[in-house]
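Peer 1: Okay, here's what each chain looks like letter by letter:
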Amino acid sequence: MDNFDKENTIIENVSDEIVESVENVENVSDNLVSAKDSTLDQTISAVSSDAAIFDRNVKDFNVEKETKKQKIGNIIKNIFVYTFLTICALLSFLPFYWMIISSVKTEAEYRLSVPTFFPQTFQFKNYAAVLTQTSNSGSFSQILINTLVVGLFSTTIGVIITIITAYALARMNFKGKNLLFSLMLGTMMIPGEMYTITNYLTVSSLHWQNTFTVLIVPFLVSVYYTYLLRNNFMQIPDSLYKAAKVDGLSDMGYLIKVMVPLTAPTLVSITLLKFIGTWNSYIWPRLINNQSWQMVTNWVTRGFVDRIGSVSGAIYGTPGYGTETLTTLKMAAVCMVSLPLFILFITCRKYIMTGVSKSGTKG
Amino acid sequence: MSKNDLDERIDEITTEEEVENLEPKKNNFFSVLGDKFKGLFKKNDQALCEIEGIAIIDQTSTLSTGEKIRRFLKSQSGWLFVLPALILMAVFTFYPIINAFIGAFKQNYNGLTGTFTGWGVENFIRVLRGDTGTGGASFLQCLVNTMVFTLVSVPLSTLLALLIAVALNSIKPLQKAYQTVLFLPYLTNSLAMGAVFATFFTIVGTQSNTETVGLVNNVLGVFGIAPIDWMGMASPVWELGSLSIPWAKYIVVIVYEVWAGLPFKILILFSSLQSVNKQYYDAAKIDGASKSTILWKITTPMISPMISYLIITGIMGGMKQYSSIVGLFGDQMGTDFDMGTMVGYIYQFIDKGETGYAFAGSLLLFVIIMIFTAINNYVSKKRVKF
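Protein chains in written order, with the numbering used here: chain A, 121 to 483; chain B, 330 to 715.
Excised from the complex, chain A in its bound form (with noise of 0.2 Å):
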């Protein structure tokens, strides 16, 4: 019942200011109409000359030819663009096709001196050989296990404090709110190279080698996603605030029950760019952790070697292709890293392409 007021005083709020804005656009719209009055009567010359002109050229102008002239440019012009655009879309879908039908291939197709653009067998044993294969140390189901348990915490601890400093930085007033602000935007004109190192060295003073800890602390804060939050955050009126401080709202709970519902599409393109990012890490896990310990990415950079000593490893039997990294079995690999992007994608297109054309940047 309490609930069901204060979301009755907050539309009484809301209707007020609909009315106020609705008397706004009166008063605007009448201030038109006389801006109008005063510039008619020289239009309306305009206008006449611009009339005359037209009649003028209409007369010398010869339909029939030149419409057949515009047919014939526009399929020209038609054609030249679909050809254009049908060249770059294959060019930029060829490396994906390349790559699926080369993981299917055996090892001799895939080397031979004429490439076939459609798989002659389809040897679907590379994927069960690349998952299985134990290189070094650290099994596939290894590394995705990391992967997904690293993308979850840090997704989810790093969007919270994202939410509140985004929140605290929009709404709340505190001594050196500006400075802070403008410290963290600062740090984003600094290369992040500069900080990894001095940052390898804390974590290696902490011990923290070899855990998940230091695969996700020390990216939770993202200062551009909390910037992007903050403006969505700012742009919510400043009436809605006040009305629910009046109903006796928590700033916590304002945020939780109407700031958050509010920026739900900006909340899921950042926590959607975050997961790929922690999917696409390379740098930091090759520096710091040893293989059992690191990412998705990581594997796919080992070789691929057809190793005759490990049971399922071995399609080929002897003699096989020895040390060389095998071209189809990376191929396999490259395949299942870049599946799941594909999927959200497909499935998120909306929401990643409006969070990137938002944000300007990747990842």
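Any given hint could turn out to be false.
As the list claims (entries may be wrong) - With a cut-off of at most 35 Å between alpha-carbon atoms, the simulated DSBU-like pairs for lysine-lysine come out as follows:
(1) Lys191/A to Lys403/B
(2) Lys365/A to Lys295/A
(3) Lys470/A to Lys362/A
(4) Lys470/A to Lys620/B
(5) Lys295/A to Lys403/B
To be verified - Cβ pair distances, simulated, as ranges:
(6) Tyr247/A to Asn498/B: 35 to 43 Å
(7) Val548/B to Thr474/A: 53 to 61 Å
(8) Gly561/B to Met308/A: 35 to 43 Å
(9) Leu299/A to Leu488/B: 38 to 46 Å
(10) Met308/A to Lys397/B: 31 to 39 Å
To be verified - If we take Cβ atoms under 8 Å as the criterion, some of the chain B residues that face chain A in the derived model are:
(11) Gly407
(12) Phe410
(13) Val420
(14) Ala496
(15) Val510
(16) Leu511
(17) Met522
(18) Glu540
(19) Thr541
(20) Val587
(21) Leu591
(22) Asp660
(23) Ile675
(24) Phe695
Treat the hints as calculated values from the structure; they're not laboratory data.
Glycine included, each C-beta is placed from N, C-alpha and C at the ideal position.
Starting from the structure of chain A, add chain B where the hints point.
Peer 2: For chain B alone, coordinates are given in the frame of chain A:
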């Protein structure tokens, strides 16, 4: 002339006036940042609008000291909200920045043990002269590589993206389908796709009598061009003094960078094209302007802020590239780091435990990026106004 026509004409006039009065948009992050810093030195009256703040001002005179402190603390509760982020940033962002400026001046500095032999600018001199005594990549080579990759691939992909976006904007049927396919490479893993591009160019060794020269060489073979070793040890090189320019490898990187950079640029340019006022095109058509005139005299100036934004962010991103090169050429960045980039240069010193050189290298990278930022600020002030 009917009344409606006149009304429309008036509307046109008013909108045109409005457009002229528009200030150039501040879609650039750095100009926003500049304003923030300016704002630091002004009093922020608006910030006092909070209800609690007003309550304090009204009642301060009648309150006891304890109550005053309590109220003050309550008004500062925002600090509680930013505390987690603040602590994390203090440890992993602010401290490292300060430390980098200090550490770069410690000679023979080993970060893990904390030992160093003295203070000075020797790290910088050695890095710039290339005699760090640790082998691996030279700073000059990495700088040249990074500059060439960036300054060739960014303008190239921006131009191509502009053409594609304009073409995409001019069609109606199948527009969505083309859009989806062209945006597809946006969400990719640079190491994975680097590996795929490597297969296009790599000549695979001689297992029995079958071998492939790679897709690109196959295509070139159709035109009678002998296979080129794009990626390997025998890759063609121009020697320029102490520098070596492995141009074939450069082409591989540039092809990849253009492909990878396109989707984002198309997305940005396409959406800004769609927001261009259609009246300009109508006016140009009435005046009999040709298609190319419309493209270069109307469309391009209208979206010029976006183009300059893309080029600047592209260059800044390009200066920091690393993982795409690792995806293409492996962890050793080509043959003996000949494809090293600025970031790769810094990381090799972390691996070797030469912390001082790593700091010096990162400061030099920072200076280079700041130079580009300054250029950006200069250009964005003089930017074409529409």
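Peer 1: Compare the structure with each hint and give your call.
Peer 2: Hints and how they fare:
1. Proximity of Lys191/A to Lys403/B is assessed by CA-CA distance (about 72 Å); at most 35 Å being required, the pair is judged violated.
2. Restraint check for Lys365/A and Lys295/A: the C-alpha separation of about 21 Å stays at or below 35 Å, so the hint holds.
3. As the CA atoms of Lys470/A and Lys362/A are separated by approximately 33 Å, the hinted pair is consistent with the 35 Å bound.
4. Between Lys470/A and Lys620/B the CA atoms are separated by roughly 32 Å; this keeps the pair inside 35 Å, and the hint holds.
5. Distance check on the hinted pair: Lys295/A and Lys403/B sit about 12 Å apart at the alpha-carbon level, within 35 Å; holds.
6. Between Tyr247/A and Asn498/B the beta carbon distance is about 41 Å. The supplied range of 35 to 43 Å therefore holds.
7. The supplied range of 53 to 61 Å is broken by Val548/B and Thr474/A, whose beta-carbon atoms lie about 38 Å from each other.
8. For Gly561/B and Met308/A, the hinted distance range of 35 to 43 Å is satisfied, since their beta carbons lie about 39 Å from each other.
9. Range check, Leu299/A to Leu488/B: about 42 Å between beta-carbon atoms, so the 38 to 46 Å window is met.
10. Distance hint check for Met308/A and Lys397/B: the Cβ-Cβ separation is about 38 Å, which falls inside the suggested range of 31 to 39 Å.
11. Residue-level restraint check for Gly407/B holds (minimum Cβ-Cβ distance to chain A is 3 Å; threshold 8 Å).
12. A distance limit of 8 Å between C-beta atoms decides the matter here; for Phe410/B the minimum to chain A is near 3 Å, and the interface restraint holds.
13. About 7 Å separates the beta-carbon of Val420/B from the nearest beta-carbon of chain A, less than 8 Å, and the hint is met.
14. Checking Ala496/B against chain A by beta carbon gives a least distance of about 5 Å; that is within 8 Å, so the hint holds.
15. Annotation: Val510/B was flagged as interfacial toward chain A, and the flag holds, the nearest CB pair being 4 Å apart, inside 8 Å.
16. Against a cut-off of 8 Å between C-beta atoms, the interface hint on Leu511/B holds, since the closest Cβ of chain A lies about 6 Å away.
17. Annotation: interface hint on Met522/B holds; nearest CB of chain A at approximately 6 Å, less than 8 Å.
18. Given hint, Glu540/B at the interface with chain A, holds; its Cβ is 6 Å from that chain's nearest Cβ, closer than 8 Å.
19. Hint on Thr541/B holds. Least Cβ distance to chain A is approximately 5 Å, under the 8 Å limit.
20. Taking 8 Å as the C-beta cut-off, the interface hint given for Val587/B is violated, the closest approach to chain A being about 10 Å.
21. A cut of 8 Å between beta carbons decides the hint on Leu591/B: the least distance to chain A is about 7 Å, and the hint holds.
22. Among the interface hints, the one on Asp660/B holds; its C-beta lies about 7 Å from the nearest C-beta in chain A, closer than the 8 Å criterion.
23. Proximity of Ile675/B to chain A holds as hinted, the smallest CB-CB distance being about 5 Å (cut-off 8 Å).
24. Taking 8 Å as the C-beta contact cut-off toward chain A, the hint placing Phe695/B at the interface holds, the least distance being around 6 Å.
In this structure, the earlier hints numbered 1, 7, 20 are contradicted, and the remaining ones agree with it.
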